[in-house]
Amino acid sequence: MKPGRFALLFLVVLSLLVVACAPPATPAPAAQPPVQEPAAEPTAEAAAEPAAASGALSGEIVVGCAHALSGPIAIYGEPIHNGILLAAQQINDQKLLGDATLAIVCEDTAGDKAQAINAFQKLINQDKVVAILGPTLSNSAFAADPVAQEAGIPVLGSSNTAAGITDMGDYVFRDSLPESDVIPNTILVTKDKLGYSKVAVMYGNDDQFTQSGYDVFAEALAGSGTEVVATETFAKGDTDFSAQLTKIAALEPEALIVSALAEEAANIMIQARQLGLDVPIIGGNGFNSPKLAEIAGPAAEGAISGAAWNIGNPAPENQAFVDAYRAAYGGDPDQFAAQAYTATWLMATAIKNAGSADPAAIRDALAAITDFPSPLGTYSFDANRNPVHTPVVLIVKDGKFQVFE
Amino acid sequence: MFWQQLVNALWLGSVYALFALGYTLVFGVLDILNLAHGAVFMWGAFFGLLAVTKLNMPIWAALLVAMLGAGILGIVLDRVAFRPLRKRNAPQLAAIISSIGASTILVSLAQGAFGAQVSRFPFDTLPAQVFTAGPVRVTLVQVIVFAVSLVLMAALLLFMRRSRSGKAMRAVAYSGRISSLLGIDVDRIIVTTFFVSSALAGASGVFLGLAFSAISPFMGAPIELKGLAVIILGGLGNVPGAILAGFLLAATEVFGVAYVSSDFRDAIAFTVLILVLLIRPSGILGTAVERRA
Amino acid sequence: MLTQFLTDIWLVYRSVFEFALIGSALGLSIYITLRTGLLSLASAGFMSIGAYVGALLTIHLHTPLLVSVLAGALAAGVIGLLLGLPVLRLSGVYLAIATIGFGEVVRVFMLNIDNLAGRTITGGALGLNNIPRKTETWHLVLFVGLLIYLFVRIDRSRTGRAFDAIRQDHHVAASMGINVVQYRNLAFVLSALIAGAAGVFSAHLTYFVSPNEYGFNGAVRILTFAILGGYLIWLGPIVGAFILTFLPELLRFLGPYRPIVNGVVLILAIIYLPRGLVDPTFWRKVWRQRGKPPSPPPLETSSEAAP
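Protein sequences, first through last, are from chains F, A and Y.
Per this note's numbering, residue 163 is the first one in the first sequence, and the count goes up by one each step.
Per this note's numbering, residue 22 is the first one in the second sequence, and the count goes up by one each step.
Per this note's numbering, residue 20 is the first one in the third sequence, and the count goes up by one each step.
Isolated chain F (complex conformation):
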């Protein structure tokens, strides 16, 4: 056989193979056993609010979703995607929108700002979506959200934590509590309980999420009169932190503050313990993933996370979400999934309250949402379209996050 033809044949077979062994990680929940009893979903109370004419809704209402589904950022995009699809299915099962159904069109941004812009353009101009959920990264949001703003399409980010996201315009929303709302309280609480006076700090300095987290930590530590004996950085995707940790261990801090996402944080914990650095490790939203304890195991015990969401929150909305997520995807959700799930519910509720599929009306209804019962807690948007709800401080005990007291 000619080499070219061999290659062609092989590639075709290969592609078929992939299609056959379809990704188990992102099934549409439709294919899953029906979600647990919808129980105490947000519906009841939320509907009571403006109680506008929601009978006007009919047909299919298309909401776009632009997230990183391929490439390294898919590690966050996958749970987000899961959360959105789960919420959409519940919303349609419960007929939240009356005769109308909520259709989600998802586009992959690959974590790239140019592709995020392209995805937004496609969703707005081709799919004629009434609103967009996304994008995954703050970087992409800074590039793509202005597109939605100009087109007058509301956009709701569920994982953008950088400062200035909602300053881009009155159509830009987020439901992800920025680190500045989470970390000062975390430092206050842990300093009070643990009584540390000198700490070392580690953060990823090439990532918007971890850099923002560090900025807030540094300010909060300075404000609380804590001495910072060392500040060390790493890069996204690094796996070896031993040089930094050795340097830190020699300075004998009383706590280690880490602004990192769960995957890097887990390896930092493992290596810190191996190097004999046995002090409490404190982080922000980035820690709040079941992966932390799963990967770090015993090294994660006692790790403290200031977070926007508590998986153990007994509120019925949260329990319903966690149960349904487990049933649909066979694992615990992380904070990204919880925030994306909430974002979808918020958007659907706004559509319902607006009683119309007009983007401007949806924007107004979204901005007006207050005291919405959600897995994140009782949820409102502030005047700048940022989230308002109470953050928590969590600690890993026996491999599970619990409220730190």
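Hints are computed from structural coordinates only; laboratory data are not their basis.
Any given hint could be a false lead.
As the list claims (entries may be wrong) - Dumping the calculated BS3-like pairs for lysine-lysine here, alpha-carbon to alpha-carbon at most 27 Å:
(1) A:LYS247 with F:LYS398
(2) A:LYS108 with Y:LYS304
(3) F:LYS562 with A:LYS75
(4) F:LYS398 with F:LYS562
Claimed, not checked - To spell it out: a stretch of chain A is covered by chain F in this simulated footprint if at least three of its residues, at any positions, have a beta carbon under 8 Å from a beta carbon of chain F; those stretches are:
(5) 22-31
(6) 130-137
(7) 226-239
(8) 278-288
Stated by the list, open to error - FRET-style restraints, in silico, Cβ to Cβ:
(9) F:VAL391 with Y:LEU165: 52 to 60 Å
(10) F:ASP520 with Y:HIS79: 35 to 43 Å
(11) Y:THR139 with A:VAL281: 23 to 31 Å
(12) Y:LEU266 with A:LYS188: 37 to 45 Å
(13) F:GLY260 with Y:ARG33: 31 to 39 Å
(14) A:LEU76 with F:LYS257: 42 to 50 Å
(15) Y:MET20 with A:VAL212: 52 to 60 Å
(16) Y:THR156 with F:ASN546: 26 to 34 Å
(17) F:GLY331 with Y:ARG307: 55 to 63 Å
(18) A:PRO261 with Y:ASN236: 28 to 36 Å
Cβ atoms here follow ideal geometry from the backbone N, Cα and C, with glycine treated the same way.
For this one, chain F is given, so just place chains A and Y on it according to the hints.
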């Protein structure tokens, strides 16, 4: 602190060297920039992980499975992405495109099969033992990885120097045309090269998976760049050079963090790399013979 | 009806078209170095320098776009000159890794000069946002048009013939009295100028820049434009950039399988057209064979030349 940092540097160096071993082999023999090596490395880690978690194999058997699996994958990679180009006398740069294509496919396949999430070997795969010697702490995993890296390096050097295939490989690396005139089956040697190189990538995937608990479809990307720097710094296709360069890069990084600043870790490493190349334009142990394009 | 349809298409793909034009310029910046036989991956680093210099001027001094573009290009050009003097002595992959190293150094530098004395410089990993959108589609068309004009002129000039001679064999070129070092430096600086300007345009297109966009992946991506498209004539990198920018967008219907098909297309394209999609010899052959029964695929016959 100095001694611990020295240990850190040796440890990281063995990781880089292990990754670079197979990489430099393909580079040296075929003279192509294979950007899919990181993807084969990643699949090696997953083969090992599956062998341990699904087939309940002990880690040494899983290592063999990973090497075999990655080796076969390497041969397939050659058949699909590189052999057709050789048959067409394609310019060397063309291989960059097909290797990027192959890498994209392999990474996406892994994401399709395993999801994007990070996984790790079970906690009981190796005992989590820490040894203390004076001011220095090392883990059992580190000792094992270091030792096995040295063994693999020695084995590869012996293979290249002593075995028929190894000698033939070096001949092909020198010139494919002359080798075929000498009666060497160049195609067979290339297949062997891909198998050995990819098996080594698979082994390093398993070891890095054991060492760093960060197995994911994207684990190949960060180390790919470092590996590339190492093999070029060492001198094209020069196995001892790659090993030496691996330790040099690691030492630069670790001591850069220890005595300068972690903010500039990669900048320091790459500045040193550029400076070394300016002094030794064909790498540390590279020969000064100019290769014709 | 038709106009509405075409307007929608334009609205959906305008941004893709703009990115393809930026990509074309970047591809051309690599092409010019490849023409002198240099494998440089510095374009992403130059683009980064241009993007930051241009964006900072626009934000702080409210300079018009043209001034920002010229300043960004000039800054990249000066750095290119300083970098080129020592590193262009390296050849082949040694130059490639040195230029990749340069890109990494630029990236780390941009990450770490986030602020000086309380004033935001690059913003570090947070990047610079709120860059006014000043780049219009026609700016980019004009920019790429000017580059094409430049390359056509170079092709017909002494310089172009010198470049080709150097690429064929720089020893022979030197023995014919061509100042290889000088021409290579010229090509390298031109490459930096083009990439710097492209960086400024792209910064004013996407409202936002951050250091990581211009790392190793960015550098390799730019290289693929030139190799896939072909680096024998200037049309190659442009075709490469358009295909590689449009392909993932046109494959969106494939959802999660998109990267796989993307990869398959890359492999098939380079196997059948190893010298790039714009390979004059190949297309001339196809042109001559038009009308004849296509029984033996022309590609296969060309491969028979292999030993």
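Evaluated hints:
1. A:LYS247 with F:LYS398: Roughly 14 Å separates the two Cα atoms, so the pair holds.
2. A:LYS108 with Y:LYS304: holds (19 Å)
3. F:LYS562 with A:LYS75: holds (25 Å)
4. F:LYS398 with F:LYS562: Given that 27 Å is the threshold and the Cα spacing comes to 25 Å, the pair holds.
5. 22-31: holds (count 5)
6. 130-137: holds (count 7)
7. 226-239: Result for this restraint: holds, n = 7.
8. 278-288: Satisfied; 6 residues make the cut.
9. F:VAL391 with Y:LEU165: 52 to 60 Å: Holds, since VAL391 of chain F and LEU165 of chain Y (Cβ atoms, about 55 Å apart) stay within the stated range.
10. F:ASP520 with Y:HIS79: 35 to 43 Å: With Cβ atoms ~40 Å apart, the hint holds.
11. Y:THR139 with A:VAL281: 23 to 31 Å: holds (25 Å)
12. Y:LEU266 with A:LYS188: 37 to 45 Å: holds (44 Å)
13. F:GLY260 with Y:ARG33: 31 to 39 Å: holds (37 Å)
14. A:LEU76 with F:LYS257: 42 to 50 Å: Because 47 Å falls inside the window, the suggested range holds.
15. Y:MET20 with A:VAL212: 52 to 60 Å: With a Cβ separation near 59 Å, MET20 of chain Y and VAL212 of chain A satisfy 52 to 60 Å, so the hint holds.
16. Y:THR156 with F:ASN546: 26 to 34 Å: Given about 33 Å between the Cβ atoms, the range holds.
17. F:GLY331 with Y:ARG307: 55 to 63 Å: The hint (55 to 63 Å, Cβ to Cβ) holds, given that GLY331 of chain F and ARG307 of chain Y are roughly 57 Å apart.
18. A:PRO261 with Y:ASN236: 28 to 36 Å: holds (30 Å)
Hint compliance for this structure: no hint is broken.
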